[in-house]
Amino acid sequence: MTNLLEAPVDERPTRNWGQTWTKVASSSALTSFLAIVVALLIGAILIAAADSGVQQAGHYLFARPGDFFSALGKSIGGAYSALFEGAIFNSRQLFMPLTKTIAYSVPLIFAGLALGMGFRAGLFNIGAQGQIILGATLCGYLGFGVNLPGGLHLIVCLLGAFIGGALWGFIPGILKAKTGANEVIVTIMLNSVAVFLLGWLLTLKAFQIPGSSNPVSPKMNPTARFPHIIGNIDLGFLLALLAAVAVWWMMERSTLGFRIRAVGENPDAGRTAGMNVAMSYVWVMIIGGGLAGLAATSQLLSDPSQQLNINVAATLGFDAITVALLGRSKPLGTIFAGLLFGGLRAGGYIMQAKTGTPIDIILVLQSVIVLLIAAPPLVRAIFRLPDPERQRQAHVRAMNRALKKQSAGKPPTPPEGELAEEVDLPESKEVSS
Amino acid sequence: MKKIAAMLVLMTSAALALSGCGTPPEDNGEGNTGGDAFLACMISDQGGFDDKSFNQSGYEGLKRAESELGVSIKQAESQNANDFAPNLEAMQAQNCDLTITVGFMLKEATEEQAIANPDLHFAIVDDSQIVLPNVKPLVFKTSDAAFLAGYAAAAHSETGKVATFGGMAIPSVTIFMDGFVDGVAQFNTDNSANVEVLGWDKDKQDGMFTNTFDDQATGQQTAKTLIDQGADVIMPVAGPVGLGAAEAALEADNVAIIGVDADWYETAPKYQKIILTSVIKEIGASVFDTVQEAQSGNFASSAYIGTLANGGVGIAPFHDFDATIDQGVKDRITELTADIMAGNLAVVSPSDPK
Chain A
75 MTNLLEAPVD ERPTRNWGQT WTKVASSSAL TSFLAIVVAL LIGAILIAAA
125 DSGVQQAGHY LFARPGDFFS ALGKSIGGAY SALFEGAIFN SRQLFMPLTK
175 TIAYSVPLIF AGLALGMGFR AGLFNIGAQG QIILGATLCG YLGFGVNLPG
225 GLHLIVCLLG AFIGGALWGF IPGILKAKTG ANEVIVTIML NSVAVFLLGW
275 LLTLKAFQIP GSSNPVSPKM NPTARFPHII GNIDLGFLLA LLAAVAVWWM
325 MERSTLGFRI RAVGENPDAG RTAGMNVAMS YVWVMIIGGG LAGLAATSQL
375 LSDPSQQLNI NVAATLGFDA ITVALLGRSK PLGTIFAGLL FGGLRAGGYI
425 MQAKTGTPID IILVLQSVIV LLIAAPPLVR AIFRLPDPER QRQAHVRAMN
475 RALKKQSAGK PPTPPEGELA EEVDLPESKE VSS
Chain B
3 MKKIAAMLVL MTSAALALSG CGTPPEDNGE GNTGGDAFLA CMISDQGGFD
53 DKSFNQSGYE GLKRAESELG VSIKQAESQN ANDFAPNLEA MQAQNCDLTI
103 TVGFMLKEAT EEQAIANPDL HFAIVDDSQI VLPNVKPLVF KTSDAAFLAG
153 YAAAAHSETG KVATFGGMAI PSVTIFMDGF VDGVAQFNTD NSANVEVLGW
203 DKDKQDGMFT NTFDDQATGQ QTAKTLIDQG ADVIMPVAGP VGLGAAEAAL
253 EADNVAIIGV DADWYETAPK YQKIILTSVI KEIGASVFDT VQEAQSGNFA
303 SSAYIGTLAN GGVGIAPFHD FDATIDQGVK DRITELTADI MAGNLAVVSP
353 SDPK
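For the record, the sequence lines run as chains A and B.
Residues 75 to 507 (my numbering) make up the first sequence, in order.
Residues 3 to 356 (my numbering) make up the second sequence, in order.
Don't take every hint at face value.
As the list claims (entries may be wrong) - Examples of chain A residues lying across from chain B (beta carbon under 7 Å, computed):
#: 1; residue: Ser379
#: 2; residue: Asn385
#: 3; residue: Ala427
Unchecked claim - Pairwise CB distance ranges (calculated):
#: 4; chain 1: A; residue 1: Phe270; chain 2: B; residue 2: Pro352; range: 51 to 59 Å
#: 5; chain 1: B; residue 1: Lys272; chain 2: A; residue 2: Leu330; range: 50 to 58 Å
#: 6; chain 1: A; residue 1: Leu115; chain 2: B; residue 2: Ser304; range: 49 to 57 Å
#: 7; chain 1: B; residue 1: Asn97; chain 2: A; residue 2: Leu330; range: 32 to 40 Å
#: 8; chain 1: A; residue 1: Phe332; chain 2: B; residue 2: Pro120; range: 38 to 46 Å
#: 9; chain 1: A; residue 1: Lys148; chain 2: B; residue 2: Asp341; range: 55 to 63 Å
#: 10; chain 1: A; residue 1: Phe143; chain 2: B; residue 2: Ala325; range: 23 to 31 Å
These are calculated hints, taken from the structure and not from any lab test.
We treat Cβ as the ideally placed atom computed from N, Cα and C, and that holds for glycine.
Work out the full structure: start from the sequences and follow the hints.
Now the structure itself:
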């Protein structure tokens with residue numbers, strides 16, 4: 075029994091991605107919130123350290139400490155208030171920045187939903203970047219190269235984006251299903267293929283502005299653009315919300331979603347239960363790829379000045395991994411995570427322009443948030459929160475002791491209910507054997 | 003990651019500074035920024051202001067304007083093409099009197115803001131396609147300087163093969179490569195030699211590109227390929243990616259690099275012994291001049307074209323290679339420079355600024 079007390083808490087190496095994601099997903103919303111708080115604190119230190127006023131005042135800290143602390147407050151307060159003004163509200167534009175935040179969140183929500191779906195199926199899809207690029211390629215070409223009436227044109231472009239992304243998701247999906255090829259490697263490689271494919275296409279006259287040889291496409295036809303709703307928000311945001319609802323329904327209510335989740339929890343069990351594991355992977359990658367492809371639409375169809383160029387996907391595909399992680403692979407979580415990251419982006423521009431704070435701070439904030447989300451024990455340690463795992467184990471121990479008293483001599487069996495509820499309780503299994 | 007590391011270093015140094023007990027500066031009562039000072043702003047291309055290349059040159063020009071002309075400055079770095087328009091917008095919210103955008107990639111965003119703010123002034127580096135009364139293009143006839151570098155490269159080459167590659171097939175890059183090819187051709191005519199250029203075919207306007215301006219590993223790989231094919235002088239026209247090429251050249255031994263935009267002998271001291279020369283593009287000077295013009299109320303939308311004659315472009319000294327280049331070659335380069343400046347010799351590139 076004593077080995078239970080010394081057993082490391084939840085540090086056992088996991089054997090497949092599915093388990094890892096389950097573990098990440100089991101971190102509570104509180105952890106997410108605290109992670110953001112810690113990130114902002116660390117960001118504050120960096121902002122102060124990078125500020126020349128603080129550095130100068132630091133040199134004579136003991137001679138005139140007031141200077142140092144006022145410089146400190148000025149740099150941190152200035153940077154974060156600029157961040158707020160750029161992301162949510164300022165007196166000049168009122169809530170206009172908030173609509174900007176929402177607009178920036180759209181591609182992140184689409185791609186975040188796509189990746190979250192894959193994570194829940196136990197697939198570590200790194201390929202959103204390539205899927206967005208392919209979606210953008212098709213959507214963009216249809217957007218500037220084709221003349222169609224308004225409405226229909228938009229639908230054609232949306233379909234193009236979905237199909238482009240779905241195709242780029244289908245390839246790793248089918249390779250994994252048929253040959254067992256590791257989707258991490260295949261999707262990473264396909265990201266590069268997509269970049270070079272688009273780079274080559276942009277050297278063709280068909281993709282360039284007539285009379286120019288720059289690798290940039292013409293602007294999209296007005297008929298293909300999203301209609302505006304309010305401020306910077308356009309139809310794209312509603313579609314993203316709709317996609318979130320659709321993903322929620324598919325994962326929680328449909329047979330396909332049930333199969334995907336079951337395969338994600340334990341592919342062997344799924345197979346034993348008669349599920350077609352291979353086809354589940356293919357479907358996840360097709361639908362996920364299509365969703366990621368839709369992220370491209372807000373890169374092309376939102377703003378009249380948008381064009382198809384080599385950077386059309388920016389770093390969205392990778393940011394989306396973070397968003398899906400922070401959103402714990404659930405649609406609602408992904409929407410909030412997308413909004414947070416959209417806000418950091420919108421605020422970041424103003425923060426940099428107004429206070430000269432290095433834009434890299436934003437990257438640090440994002441990275442720290444994810445780091446802490448992925449390591450809940452770290453957050454618990456910082457805030458001295460109780461460890462739910464430990465509490466559960468204490469409970470199991472108490473139950474065991476009680477059982478032992480009842481049936482002395484026999485090895486104790488933990489109560490059924492405890493184990494059935496908790497997938498992730500390896501230690502208590504050891505007790506039973 | 004480099005920037006994060008730099009920031010961590012900064013943080014520790016700040017922490018160290020805390021332990022210092024220097025003397026505070028005297029309060030002389032005068033604020034260092036006047037409320038109505040001329041505000042000049044700059045937005046970088048995706049390389050950032052520490053790219054040891056054209057963004058950096060531009061930013062140095064702006065810093066010089068700050069210290070010499072007393073203007074206030076603000077700057078914003080773009081990490082990718084998605085940042086251009088938002089950065090420009092953010093800058094307009096700061097009421098910049100003059101906004102300078104570095105790189106042709108910012109053309110659309112600049113044009114949009116210039117139309118939306120007709121009473122504010124803009125300048126854009128490497129693009130001359132915007133025709134608006136409040137936008138000044140800052141362009142360079144880099145082909146002239148690259149021509150001279152090409153001549154020197156051909157003269158220096160022992161394998162009879164020199165090479166160039168670009169970051170992206172865009173006019174401001176290929177104009178270097180065109181001039182380089184012509185310079186090599188000039189050397190061949192002068193000396194009935196047969197030095198080959200790898201990586202760029204001027205007639206077909208086709209060649210090797212890394213398709214990135216920030217991944218040095220790709221630059222290193224590309225340069226390695228060219229070295230394997232026998233090139234012993236390489237001119238990488240790809241901003242910081244070119245430093246990867248310098249790394250490959252350093253490893254390969256006996257391969258020289260021609261820097262671009264700035265004198266790499268000064269900006270990338272690690273590679274001093276392999277820098278044959280550099281094709282200098284004085285973006286900083288053009289930025290400084292534009293700020294000065296605008297500050298004194300003489301802003302004009304006519305293009306600034308950097309040439310050999312006005313010092314906007316040029317080649318750097320040979321530094322460590324000075325002894326290995328024949329005096330005859332040096333004299334001929336001086337002669338060619340004079341010919342180009344006098345208009346007796348035209349280096350023609352489809353990408354010439356108009």
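> Which of the listed hints are broken here?
Replying inline: 4, 7, 8, 10
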